[in-house]
Amino acid sequence: MSPVIVHSASTLALRDITGGCRQIGLAAFLAWDDVRQRYVRTMLGPLWIVLSTGVWFTAMGFVMANLFGQSLDHYMPFMASGLLMWMLISSSIAESSQVLISSASLITSFPIPIFTHYLRFIMRNTIIFLHNILILVIVLALFPPQLDAATTLVVPGLLLDMIILLGLAVALSLINLRYRDTNLAIASAMQVLPFVTPIFWDKPMLQHRKWIADINPFYHMIEIVRAPILGRAPELLSWEVSGGMAVLFVVLGVTLFTRYRHRIIFWL
Amino acid sequence: MSRISLDNVHVHYPVLNDHYLSLRRAMLRLVTGGRLYKQDAEMQLVHALRGISLTVEDGDRLALVGRNGAGKSTLLKTIGGFIRPHSGDMSVEGRTTSLFNANGGMDTERTGLDNIFLMGRLYGVARKDMEQHVADIAEFSELGRFLGLPVRSYSDGMKVRLGVAIVTCLHPDILVLDEAIGAGDAHFIEKATQRAQKLYARANIIVIASHDPSILRRLCNRAAWIDEGHIVRTGSVDEIVEAYTNATV
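For the protein sequence lines, the chains are V and B, in the order given.
Numbers 2 to 269, taken from this note's numbering, label the letters of the first sequence in order.
Numbers 17 to 265, taken from this note's numbering, label the letters of the second sequence in order.
Everything labelled a hint here was simulated from the structure, so no lab data went into it.
All the given hints hold, so there is nothing to weed out.
Chain B is faced by these chain V residues, among others (derived, beta-carbon under 10 Å):
#, residue
1, L27
2, Q38
3, S106
4, S110
5, I176
6, Y180
7, D182
8, T183
9, W268
For each label pair, taking beta carbons as the anchor points, the in silico distance ranges come out as:
#, chain 1, residue 1, chain 2, residue 2, range
10, B, A217, V, T153, 53 to 63 Å
11, V, G46, B, A217, 42 to 52 Å
12, B, R168, V, M61, 30 to 40 Å
13, V, L131, B, R66, 51 to 61 Å
Quantities reported herein were computed from a predicted structural model and do not represent experimental measurements.
We treat Cβ as the ideally placed atom computed from N, Cα and C, and that holds for glycine.
Construct the complete structure from the given sequences, taking the supplied hints into account.
Dropping the structure here:
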């Protein structure tokens, strides 16, 4: 084993990130185990999330379609795909601030890369997301949209969103570790967002105030995955904003991690 | 070949009070140019290790002796890879396994059996290798069927027995210990000590801090006396224990 000679904080932090990526099997093991633990001693197991979300989608979809005067086969795929993405984004951001705190016992007992805990976090949320996709599949089977070759854009869209959420998780967890009231501020913001973001209503409904959607980064994050599913091309703006956010949050996450990684153990 | 080498290593750590953790006060400080809550900004630093230089070779069992607050635990955490030295050079050749308390890293929501595999994996032991130890762990810890229940339902003694049973299955390269393994009722200490001896024998290097001279005499071949963050003296276990005991009398 090569000697661990102490270098600068940046070298150690970058080694932590590369080490975490190399030991991805460990992150995967922890993520799967986390998901499994959620279903222990429940009757329905993973089916529970799918059923409860399905009931919710059905009720909301029916009421909203009527409110907006839209047909179900137009509205349901729109709402379901948007909501599915929103659930991934909001649960990831809400959990982000706690990543380090909930891994505290591991961080203080095992010198494994701290970045492993971020990979574990994103993999866990991906697994749960993939459970929920079942609902979308059912909705799309009942109300099939126009799928074409452009639908494959879903994959790069999803990957880009994952990168944004990972960078954001690193940044938010460090900020919240140091200033413990951060997650409360985030929780408040997250409550209002699903209503001001085009999830239950679509951008064209804004008429001459379309900027409300355009300035909302979450709209773009959702749109790059939702649009291909609905058989429409996402606006270039959405790709630009999402790409920009990915760069911004990766840089922010890496910068903060490099500066503060070695203080994490003191802040826990 | 395992080896630990420290050269003039310094470690500081911050002491955070409640107010220091508030985002609101930090924001206000920023906005008012530091006039409000200025005292929060003055972070207190503890200079925990002051110029530690030490070499531990393959086969060494090093004892760390000193008062509470001398810096023994900080030194162990630094060698174990949890704390980054502020300055100085440190080189650790070999994989470190740190056992700072019997239940370190255990997830109390998971069952005893789940924890066996979780801890094993975190210590670098694959699941199928850990499976071979399960029967032995069940028997030694005397937990039997309780392994199917979540650890949070265990008594403190049961948790310790499980923790000891798991860690004593390992094949550590460099073992870093804060106090020796084994606590609890008299019957268990006897069993645990014997089993711990086998674990110690398998390690290439041991660094252990303890207040119990008899354990150190039995286990270690060298000792270092730490006081106020620096090494006062190194030598044989007998020599150092005697010097330390005389100084504190």
